[in-house]
Amino acid sequence: MRSTLVSLLVSFGLAASPATASGQVSDFKLDNGLEVVVIEDHRAPVVVHMVWYRTGAADEPPGKSGIAHFLEHLMFKGTDDLGPGEISRIVEANGGSDNAFTSQDYTAYFQRVAADRLGLMMEMEADRMRDLVLAPEDIATERDVILEERATRTDSDPGALFREEMRAALFRNHPYGLPVIGWRAEMAGLSRADALDFYRRFYAPNNAILIVAGDVDPGEVRNLAEKTYGPLAPSAGLAPRLRPQEPPSRAERRVVMEDERVAQPYLVRSYLAPERDPGAQKEAAALVFLADLLGGSGATSVLGQALQFDSQIAVYTSASYVTTSLDDSTFSLVVVPTDGVSLTDAEAALDDEIARFIETGPDPAAFERLKMQIRAAEIYALDDVGDLADRYGRALTSGLTIADVQAWPDVLQAVTVDDVTAAAKRVFDRRAAVTGWLMPAGEEPAK
Amino acid sequence: MKHFTATLFIFLIAALPLRAEVDIQEISSPGGLNAWLVEEHAIPFVALELRFRGGASLDAPGKRGEINLMTALIEEGAGDLDARGFAEAREALAASFRFDVSDDYLSVSAKFLTENRDEAVALLREALVNPRFDETAIERVRAQVVSHLKSRETDPNALAAKEFDRIAFGDHPYGSYFGGTLESVTALTRDDIVDAFARTIARDRVYIAAVGDITAEELGALLDGLLGDLPPTGTPMPGPVAFGATGGITVVPFDTPQSVAQFGQPGVKVGTPEFFPAFILNTILGGSGFNSRLMEEVREKRGLTYGIRTYLIDSDYSESIIGLVSTVNSRMAETVDVVRAEWARIAESGVTQDELDAAKLYLTGAYPLRFDGNGPIARILVNMQMEGYPTSYVKTRNAKIEAVTLEVINRVAGELYRPEALRFVIVGQPEGIDSTD
Numbered sequence: 017m018r019s020t021l022v023s024l025l026v027s028f029g030l031a032a033s034p035a036t037a038s039g040q041v042s043d044f045k046l047d048n049g050l051e052v053v054v055i056e057d058h059r060a061p062v063v064v065h066m067v068w069y070r071t072g073a074a075d076e077p078p079g080k081s082g083i084a085h086f087l088e089h090l091m092f093k094g095t096d097d098l099g100p101g102e103i104s105r106i107v108e109a110n111g112g113s114d115n116a117f118t119s120q121d122y123t124a125y126f127q128r129v130a131a132d133r134l135g136l137m138m139e140m141e142a143d144r145m146r147d148l149v150l151a152p153e154d155i156a157t158e159r160d161v162i163l164e165e166r167a168t169r170t171d172s173d174p175g176a177l178f179r180e181e182m183r184a185a186l187f188r189n190h191p192y193g194l195p196v197i198g199w200r201a202e203m204a205g206l207s208r209a210d211a212l213d214f215y216r217r218f219y220a221p222n223n224a225i226l227i228v229a230g231d232v233d234p235g236e237v238r239n240l241a242e243k244t245y246g247p248l249a250p251s252a253g254l255a256p257r258l259r260p261q262e263p264p265s266r267a268e269r270r271v272v273m274e275d276e277r278v279a280q281p282y283l284v285r286s287y288l289a290p291e292r293d294p295g296a297q298k299e300a301a302a303l304v305f306l307a308d309l310l311g312g313s314g315a316t317s318v319l320g321q322a323l324q325f326d327s328q329i330a331v332y333t334s335a336s337y338v339t340t341s342l343d344d345s346t347f348s349l350v351v352v353p354t355d356g357v358s359l360t361d362a363e364a365a366l367d368d369e370i371a372r373f374i375e376t377g378p379d380p381a382a383f384e385r386l387k388m389q390i391r392a393a394e395i396y397a398l399d400d401v402g403d404l405a406d407r408y409g410r411a412l413t414s415g416l417t418i419a420d421v422q423a424w425p426d427v428l429q430a431v432t433v434d435d436v437t438a439a440a441k442r443v444f445d446r447r448a449a450v451t452g453w454l455m456p457a458g459e460e461p462a463k
Numbered sequence: 415m416k417h418f419t420a421t422l423f424i425f426l427i428a429a430l431p432l433r434a435e436v437d438i439q440e441i442s443s444p445g446g447l448n449a450w451l452v453e454e455h456a457i458p459f460v461a462l463e464l465r466f467r468g469g470a471s472l473d474a475p476g477k478r479g480e481i482n483l484m485t486a487l488i489e490e491g492a493g494d495l496d497a498r499g500f501a502e503a504r505e506a507l508a509a510s511f512r513f514d515v516s517d518d519y520l521s522v523s524a525k526f527l528t529e530n531r532d533e534a535v536a537l538l539r540e541a542l543v544n545p546r547f548d549e550t551a552i553e554r555v556r557a558q559v560v561s562h563l564k565s566r567e568t569d570p571n572a573l574a575a576k577e578f579d580r581i582a583f584g585d586h587p588y589g590s591y592f593g594g595t596l597e598s599v600t601a602l603t604r605d606d607i608v609d610a611f612a613r614t615i616a617r618d619r620v621y622i623a624a625v626g627d628i629t630a631e632e633l634g635a636l637l638d639g640l641l642g643d644l645p646p647t648g649t650p651m652p653g654p655v656a657f658g659a660t661g662g663i664t665v666v667p668f669d670t671p672q673s674v675a676q677f678g679q680p681g682v683k684v685g686t687p688e689f690f691p692a693f694i695l696n697t698i699l700g701g702s703g704f705n706s707r708l709m710e711e712v713r714e715k716r717g718l719t720y721g722i723r724t725y726l727i728d729s730d731y732s733e734s735i736i737g738l739v740s741t742v743n744s745r746m747a748e749t750v751d752v753v754r755a756e757w758a759r760i761a762e763s764g765v766t767q768d769e770l771d772a773a774k775l776y777l778t779g780a781y782p783l784r785f786d787g788n789g790p791i792a793r794i795l796v797n798m799q800m801e802g803y804p805t806s807y808v809k810t811r812n813a814k815i816e817a818v819t820l821e822v823i824n825r826v827a828g829e830l831y832r833p834e835a836l837r838f839v840i841v842g843q844p845e846g847i848d849s850t851d
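Taken in sequence, the protein lines are chains Z and G.
Going by the numbering used here, the first residue of the first sequence is number 17, and it counts up by one from there.
Going by the numbering used here, the first residue of the second sequence is number 415, and it counts up by one from there.
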């Protein structure tokens with residue numbers, strides 16, 4: 017078992033006294049391949065127990081979009097030992113809450129309970145890792161639920177439909193172009209056999225990460241893990257996660273979507289961007305700075321200052337970058353124009369600012385302020401042990417190692433002004449980008 | 415897995431003695447400000463939560479949205495600093511200040527590091543004592559609010575809430591959206607904003623909690639510096655309003671594949687003998703989690719929705735029970751029938767001993783889990799002060815839940831739930847449903 021204090025506290029001399037330390041991290045591996053990460057926080061008698069599977073929507077077979085997420089719902093339907101809904105009922109009877117989430121790269125299940133209930137949570141989660149039981153009658157009802165979920169979260173929201181179109185245009189070959197929830201027509205055809213095939217292929221201790229965060233002792237967690245997860249058989253023949261990759265980008269793409277429910281038009285520009293890679297996180301760290309400097313805060317960012325303060329072109333601007341992803345990531349810019357400003361003019365203003373930034377680079381004072389904020393974020397993060405657990409879960413299901421997670425704050429602090437300018441030059445390539453306009457129906461797409 | 419049941423039994427037995435372990439100090443500053451403090455020196459920062467009672471309900475007549483706009487402007491320049499200068503100063507300190515407003519209070523949520531606490535608090539003081547309300551900032555933020563109000567005009571959830579509140583609360587501030595309307599917000603002047611600030615931000619209505627790396631003495635001095643120069647009094651609070659919606663259905667036609675429904679009826683007040691029984695009843699009928707009666711009937715058995723939930727709402731000036739659900743247009747009629755049937759079932763037959771026991775286990779077990787982190791604890795403490803609870807409430811609250819008997823809860827169920835009084839506001843194109851009035 018290795019044990020390391022979250023690195024920033026050490027490097028900045030802010031470590032709390034050992035008796036009250038938060039954020040102590042240990043890790044070990046069971047013989048069946050299950051990786052375990054323990055994050056200690058002894059301030060409250062609470063624990064977060066999570067199992068992350070290295071499988072998500074981007075690992076689905078062709079034509080079965082949505083099966084990873086559908087299976088996530090069906091995982092609450094019971095096992096050989098537990099009836100439908102019983103896991104959630106037992107969690108609630110113990111005062112806890114539970115849920116699950118699915119992304120392109122991972123599927124995760126978690127409970128938040130009093131720390132002395134950890135063993136019970138591990139027992140139930142281990143049970144459904146290998147012994148899921150699906151009654152045929154549960155399939156049709158739960159498929160209705162996910163279709164309703166799609167209706168609520170996507171079909172009723174033109175912004176969500178627009179994001180789907182944007183991703184489909186940005187990723188031409190990689191399954192990241194498909195929505196996690198699935199295309200409606202394919203969701204409607206998902207069967208019990210589809211769910212069980214996916215389950216048997218991917219749900220196994222050697223394809224999972226157990227994260228326990230809170231008021232726990234790592235030795236006790238190891239004992240409980242060996243008793244509950246230890247007896248589970250690993251899957252043989254788990255293939256490396258090689259998805260179809262993006263070919264070279266030669267042509268910029270444009271998406272124009274009209275919808276009667278849109279009251280406020282806006283534009284989004286999304287670029288393909290590199291993600292954090294094992295042992296190679298420098299470029300991603302520079303892109304974190306780039307996103308914040310360009311569009312982090314309305315009052316001080318480059319886009320906010322230029323488009324919201326110096327000119328009244330926009331009511332809102334932002335820049336965002338997704339750091340953690342198994343394959344290619346995205347860097348996105350949003351401009352919501354002021355009433356009376358066309359999307360054409362707003363887009364031109366955006367491109368002017370990008371060009372100017374590449375020319376002049378970051379303002380050194382803004383850069384230093386951001387560095388201070390990123391350092392402080394590591395201190396504030398210790399207040400939320402669930403958030404720390406998320407960091408490890410996302411990273412370890414996206415090809416990164418525990419060492420990468422612990423090195424990340426230092427990699428961020430080592431970024432220079434020149435690194436940011438160089439990263440901007442590389443990422444802002446219109447041939448690897450989609451520009452989308454979302455507009456009210458019938459509005460002139462002014463030229 | 416063989417021994418599941420035996421293990422489960424052991425864990426349930428262990429479930430009882432848990433309670434929140436926070437040590438709350440009540441302090442008075444030298445200048446006479448009262449606050450609750452939890453010292454937590456493990457991480458070098460402080461979470462400070464301030465709430466000014468009244469909030470957006472103190473909007474002047476005809477000026478709906480002025481306190482919302484004012485709140486968004488507090489951080490847009492103060493003292494010698496314009497909006498950008500203020501933001502730069504805050505970012506250089508890595509402090510965070512959030513200003514939020516709702517119908518019952520205006521809140522300030524601040525986090526700052528121990529290493530530069532004095533500078534961070536001095537900066538926050540400038541915002542609370544010397545906000546500039548520059549004309550350029552007003553126009554910029556007004557445009558953001560207008561954009562948000564326009565988006566609400568095509569948001570089914572916002573449309574449902576707007577119509578429901580209008581029917582339930584009429585001319586009272588609760589009867590309209592606190593962000594205002596396009597007309598009211600467009601007409602606001604700088605004088606309105608300055609006036610709104612003076613009416614809302616005052617010492618006679620502030621509630622204070624701090625959690626983190628600070629001592630009682632340090633906090634007292636901090637608060638006197640931060641709030642000592644605020645005016646002693648603000649404007650009077652509005653009066654109470656009865657929940658005025660009657661039973662029936664209101665359909666708001668809107669072109670969308672899925673209808674959204676908000677439904678509700680009169681509720682109960684915190685502090686009355688009926689409150690804890692009603693709180694447990696709401697958990698059983700439609701509270702959080704996957705195991706409420708409505709989730710079971712509407713989602714698990716019939717697949718009608720992704721989620722359905724009910725809320726026991728005790729605002730400062732009114733009480734209600736509110737529910738939310740969405741479903742495809744073709745199945746909304748069935749959903750309404752199921753909700754009404756469940757309302758009638760709990761009113762007529764109450765709940766079972768098993769349901770009561772399970773809800774008690776859940777609620778008493780979940781309570782200590784809320785106290786996880788400096789910011790969440792500060793918000794709980796300030797809430798308790800506004801509700802009028804003593805600091806000891808964190809240790810006695812679970813006993814109040816445990817004390818509710820089956821006889822009492824079922825009497826309250828019969829009095830509280832009135833299926834004939836349920837008002838549904840449905841936004842969409844629900845098939846086979848028409849407005850009843």
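The hints are simulated quantities; they were obtained by calculation from the structure and are not laboratory data.
These figures come from a predicted structure and were not determined experimentally.
One or more hints might be untrue.
[Unchecked claim] Derived DEER-like restraints, expressed as beta-carbon distance ranges:
id: 1; chain 1: Z; residue 1: Ala419; chain 2: G; residue 2: Arg754; range: 41 to 47 Å
id: 2; chain 1: G; residue 1: Asp768; chain 2: Z; residue 2: Val272; range: 31 to 37 Å
id: 3; chain 1: Z; residue 1: Asp47; chain 2: G; residue 2: Asp768; range: 55 to 61 Å
id: 4; chain 1: Z; residue 1: Ala381; chain 2: G; residue 2: Gly493; range: 17 to 23 Å
id: 5; chain 1: G; residue 1: Glu553; chain 2: Z; residue 2: Ala381; range: 23 to 29 Å
id: 6; chain 1: Z; residue 1: Val149; chain 2: G; residue 2: Asp437; range: 44 to 50 Å
[What the hints assert, rightly or not] Some chain G residues judged to face chain Z by a derived CB distance under 7 Å, without partners named:
id: 7; residue: Arg498
id: 8; residue: Gly658
id: 9; residue: Gly662
id: 10; residue: Thr670
id: 11; residue: Gly779
Even glycine gets a Cβ: it sits at the ideal position worked out from N, Cα and C.
### Query
Do Glu553(G) and Ala381(Z) keep their Cβ atoms within the hinted range of 23 to 29 Å?
Distance hint for Glu553(G), Ala381(Z) holds at roughly 27 Å.
### Task
Return holds or violated for the Cβ distance of Asp768(G) and Val272(Z) against the range 31 to 37 Å.
57 Å, violated
#### Entry: When the least beta-carbon distance from Thr670(G) to chain Z is tested against 7 Å, hint result
Holds, because the Cβ-Cβ distance from Thr670(G) to chain Z comes to roughly 6 Å (cut-off 7 Å).
### Agreement of hint Gly779(G) with chain Z interface, Cβ distance less than 7 Å
1 Å, holds
### Query
Hint check: is the beta carbon of Gly658(G) less than 7 Å from a beta carbon of chain Z?
Not OK, violated: Gly658(G) not within 7 Å of chain Z, min 29 Å.
### Message
If I claimed the Cβ atoms of Ala419(Z) and Arg754(G) lie 41 to 47 Å apart, would that claim hold in this structure?
### Response
58 Å, violated
### Query
Holds or violated: is there a CB of chain Z closer than 7 Å to the CB of Arg498(G)?
5 Å, holds
### Message
Checking hints one by one. Is Gly662(G) an interface residue toward chain Z, by the C-beta closer than 7 Å rule?
### Response
25 Å, violated
### Message
Between the beta carbons of Asp47(Z) and Asp768(G), is the distance compatible with 55 to 61 Å?
### Response
41 Å, violated
### Hint check for Gly493(G) and Ala381(Z) - Cβ pair distance inside 17 to 23 Å
Holds - the Cβ-Cβ distance for Ala381(Z) and Gly493(G), about 20 Å, lies within 17 to 23 Å.
### Query
When you take the CB atoms of Val149(Z) and Asp437(G), is the distance between them in 44 to 50 Å?
47 Å, holds
Checked against the numbered hints given earlier, this structure breaks hints 1, 2, 3, 8, 9; the rest are met.
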